[in-house]
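2 protein chains.
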Amino acid sequence: MAGVVKFEQHASEALRIGKGFSLAKVDPDSTPGYTGSKTDGQQLLAELDDNLAELQEKLFAESRFGGTKRILLVLQAMDTAGKGGIVNHVMAPMDPQGVQFKAFKAPTDEEKSYDFLWRIQKEVPAAGMVGIFDRSHYEDVLIHKVHSWATPAEIKRRYVAINEFESRLSDSGTKIVKVMLYISKDEQKARLLARLDNPAKHWKYSRGDIDERAFWDDYMAAYQAAIDETNTAAAPWHVIPANKKWYARIAVQQLVMGAMSELKLEWPKAEFDVDIERALVEKS
Amino acid sequence: MAGVVKFEQHASEALRIGKGFSLAKVDPDSTPGYTGSKTDGQQLLAELDDNLAELQEKLFAESRFGGTKRILLVLQAMDTAGKGGIVNHVMAPMDPQGVQFKAFKAPTDEEKSYDFLWRIQKEVPAAGMVGIFDRSHYEDVLIHKVHSWATPAEIKRRYVAINEFESRLSDSGTKIVKVMLYISKDEQKARLLARLDNPAKHWKYSRGDIDERAFWDDYMAAYQAAIDETNTAAAPWHVIPANKKWYARIAVQQLVMGAMSELKLEWPKAEFDVDIERALVEKS
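Line order of the protein sequences matches chains A and W.
Those letters in the first sequence? Residues 4 to 287, by this note's numbering.
Those letters in the second sequence? Residues 4 to 287, by this note's numbering.
Everything labelled a hint here was simulated from the structure, so no lab data went into it.
Check the hints yourself; a few may be wrong.
Because identical chains cannot be distinguished in the list, a pair is counted as satisfied if it fits within a single copy or across any two copies.
[Stated by the list, open to error] List of simulated lysine-lysine pairs, DSS-like, C-alpha gap at most 27 angstroms:
1. Lys115 x Lys125
2. Lys125 x Lys108
3. Lys204 x Lys272
4. Lys41 x Lys204
5. Lys248 x Lys28
6. Lys248 x Lys108
7. Lys286 x Lys188
8. Lys125 x Lys105
9. Lys272 x Lys286
10. Lys207 x Lys248
11. Lys247 x Lys286
12. Lys207 x Lys272
13. Lys267 x Lys207
14. Lys247 x Lys204
15. Lys286 x Lys192
16. Lys115 x Lys207
17. Lys204 x Lys267
18. Lys272 x Lys192
19. Lys207 x Lys188
Sequences are here, hints too, so could you generate the full structure?
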């Protein structure tokens, strides 16, 4: 790690939402807490993979001996913001056995027949696991608000329900990391055009992407409201400028590692006498 | 890929079980089909990650447009053979959204109250997915045979049920790759001792590992029988010498890539006019 440029400030401090936060004032091209270049960032990302893998293994190992700690990373963003790439990079060094990844799509008819948290609660991470939500219960206060699929009173009820739900998760040992990846409307346009220029990416494109762009400002207002209403101590929000993909990746990596470090993970102590076991293996 | 040492022979040919196969004659230190060194192998593994990622994305993309192809990798092995490391390495470059990983542990009471395939069938890969079974329905004809938890007639019934089950999966679009990682009993001893020497690995050790070692020859006989009975055209077995971890990793990577190549995957053709969409995005 000698020559690698590290974060100047803890990413969680640089990116955590404070009082009077205004999404409109975030610069999506900025790199809060980090002064290095793209190359520096890519190097940092690669160098920290082993640390992240070790922390995750410790988390998993603890749970085999009764530990109840767990992580839940919630990722929200507009289309093309790079959620997929981030999930790939954060998960790559981890043991798949210790990761519960869930991408929430449009709800099925059965899911819609329950309260909005019904399908979410079933996917929360088990002890020792790193849970990753690619989209989440926040869609129910974002797209639902933008398109008035729910009344203002119902949206309000959902903010309260979300805070209670997340508070309960936190109380039972879950470290929650909520992330909004923030790209500009122009950056999204550039990324949509890049998809259209590459036949290998056509399958990711749909006309609906343009339709939703028309509601950009409404989405930003819905994010601002959701962040204001659900930025709790138990489950704080982080807004990550994401026009620079490399920055968004190291920022999420830092946040996940930071959350794990706060859990003060330790390798479980052997409950056996190592010398006795060694002798038994030797003669087996 | 200029300087990288590739496989001399398709891994699927080098490792596929033929008539009169004898597990006892496999050399667990050998590297069938590959003449390169460990360094060569590690380089090959890294170089092919992008190819593997592209194939997997194509598989997933096809399914978004009605494709029903899918992959199921079944991994079986004695403890410490390196299943975990292989899963990590094969999955790392893949999009988690396109992977269904399932580690089968000892069945719960509820699972035991059904036929042995009940819990397995629920975990088969959906269209476009790469399914990975870390242990599988084969435990029900391996450990059950070794410890006589089932009668010979019942074991026989299970072989038949497995063949029918796998044939049905194959008929509905699943390319099945069955792998046994083959280590020697001495190699396992060395790996168990290494675990005991490293406090960060103590959590992976249990006395039960030694108890099962006493049945090593019975396990090999059970593997031989299972392979003989279930090595079908629809779901062929591959035995991978695994004393050299680096070799086992490239071998599995080759098998998975080979299976994907056989699926003749193509990027879905755009169902829209690219120029029209580009103009719409430009003015959005």
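Which of the numbered hints above does this structure break?
Per hint list: zero violations.
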